[in-house]
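Trainee: As a plain string of letters, each chain reads:
There are 2 protein chains.
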Amino acid sequence: MNDKQTAIKNYLAAGKATVEEALDRLMPAAQGPFADHIEAMRYSLFVGGKRIRPILCLAAVETIRDDGTMLQAMLPVACALECIHTYSLIHDDLPAMDNDDLRRGRPTNHKVHGEAAAILAGDGLLTFAFELLTRPDSNLTAARQLRIIELIARAAGPEGMVGGQALDIANENRKYPFSLLQTIHRSKTGALLTCSVQAGAVGAGATPAQETALVDYGAALGLAFQIVDDLLDATATTEQLGKTAGSDEVRGKATYPGYFGIAGTRDQARQAVEWAKTALNPLGERAERLHDLADYILSRSF
Amino acid sequence: MNDKQTAIKNYLAAGKATVEEALDRLMPAAQGPFADHIEAMRYSLFVGGKRIRPILCLAAVETIRDDGTMLQAMLPVACALECIHTYSLIHDDLPAMDNDDLRRGRPTNHKVHGEAAAILAGDGLLTFAFELLTRPDSNLTAARQLRIIELIARAAGPEGMVGGQALDIANENRKYPFSLLQTIHRSKTGALLTCSVQAGAVGAGATPAQETALVDYGAALGLAFQIVDDLLDATATTEQLGKTAGSDEVRGKATYPGYFGIAGTRDQARQAVEWAKTALNPLGERAERLHDLADYILSRSF
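If you read the protein sequences in the order shown, they are chains Z and L. Counted from 1, the first sequence has number 13 at position 13 by this note's numbering; the numbering is strictly sequential. Counted from 1, the second sequence has number 269 at position 269 by this note's numbering; the numbering is strictly sequential.
Worth double-checking, as some hints may not be accurate.
As the list claims (entries may be wrong) - Covered by chain Z, per the in silico footprint, the following chain L stretches (three or more residues, Cβ under 8 Å):
{"#": "1", "segment": "3-12"}
{"#": "2", "segment": "71-82"}
{"#": "3", "segment": "124-132"}
{"#": "4", "segment": "165-177"}
{"#": "5", "segment": "256-265"}
{"#": "6", "segment": "283-292"}
Simulated from the structure, these hints should not be mistaken for laboratory data. All C-beta atoms, glycine included, are put in the ideal place defined by N, C-alpha and C.
With these hints in hand, go ahead and build the complete structure from the sequences.
Mentor: Below, the structure is given as structure tokens:
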């Protein structure tokens, strides 16, 4: 592992710790009449995960403004992104959807809390995310907060993440053109990842040009992330993944390796990471962290 | 039927038409790659319903400001409330929850679209509601919009509607104290009804005293609404309800008639409506509509 990789690994570990501390502080405690429901939400929220969406959001903030109070102000936004991601995993794992027993090496939410409680835990996390996004902070104007809420609601909504999941489920075990796979990836995974970077940019007060650069970066990074995910599902073991490996093939899901083979998919991942890094050019040296994050995502696939 | 009842019936019919026209205009059309998902959302949204939450919101607006542009500005908020209510019905009806086949006299969402699509339709409606709440309008400041989003997210969240549903499901077929029934009613039904009135107040720029009066009204009305719902489930036919009658008893759900009998429950409903009307006193004649709405809710139970 080279110096850059070590540095980014440390950065990711520190970011994960920051996000998890904030999540624990911002989430209601599992006590009072709703203790069981809150416990079910907390179970999936703290079962692990790389916290990549909140880390991307905070890294985008740092790229625009090197200012600790701004990072603090954006922590509820970062945590809201993780709540939305976690809700999507709980619902994706349900018996009616992917019917998965394992997530991050642990039993899925419905295996522990039952199906009804798991559906509601997902609903609760999604709703709580929007409450977090309204937390007042003197470093964020109401107009900026409102814009972030709009971006996140769109990215997670019917023409973003939820719509993408619906499209994915509806097309299992069907042959379909590559263009549909791109639409599914862009909506199901890409939209929330892109929006994580963009929310950081908006919160930190990026200029329109800076925001565009970060959105382009986020879109390319989201694509790289999904391609690497497809690769890992095809090449890694269940133990390495913490979730069932090879499940895409079992479910007849279209994936990049299905269209391009393993070597061709690696080329596509490399190309997407190049796009991501090129998009950062207008931001200069300040974007070094985001640059290294893109390289790191690629390194996972080899 | 007396004149007041006729007037309020006409008001409710006009409100329902206004809300349904706005919902149809504001919801995405069922076309493009996400057409099936949007169609599943629209199915439940347009299957019927009294639209009582959006109507309460708009009636609160009118109570504070008699101004057509303000009513227009608040239409997306009113529609968001209906989206959230509809999502909660879709998820409540799922096989893992109440397992209901009928809703408003028509097959439930999962009966028509399948379980996975129904879960996602609910998720999509909840997320889209928050997008609606960010719609810009020059009659609403960003600060006011943000406050409305916070109120709605809290009311629908883990310590509001979703938490109440989790508590309700967890306590089926158990004997429990009346205080727990009150907690379930307040969170599962009361919170969103109260918040519908409060959102109207905040949007229209109510003074703190006016807002408090409307919140008290909303809480009492929400209670009356739930007591009447319990009564109807025990006394009306499936055809009258458009959903399976007597289902509370079949599921071993605690209800007001279970604690107080039918006559005692009618007294409780009457009392809650009195509280609601008394709460309106500080608002004077402007609150006549809300006053008559409370009477109307009571009249449903006799």
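Trainee: Each hint: holds or not?
Mentor: Outcome of the hint check:
{"no.": "1", "hint": "3-12", "in the structure": "violated (count 0)"}
{"no.": "2", "hint": "71-82", "in the structure": "violated (count 0)"}
{"no.": "3", "hint": "124-132", "in the structure": "holds (count 6)"}
{"no.": "4", "hint": "165-177", "in the structure": "holds (count 5)"}
{"no.": "5", "hint": "256-265", "in the structure": "violated (count 0)"}
{"no.": "6", "hint": "283-292", "in the structure": "violated (count 0)"}
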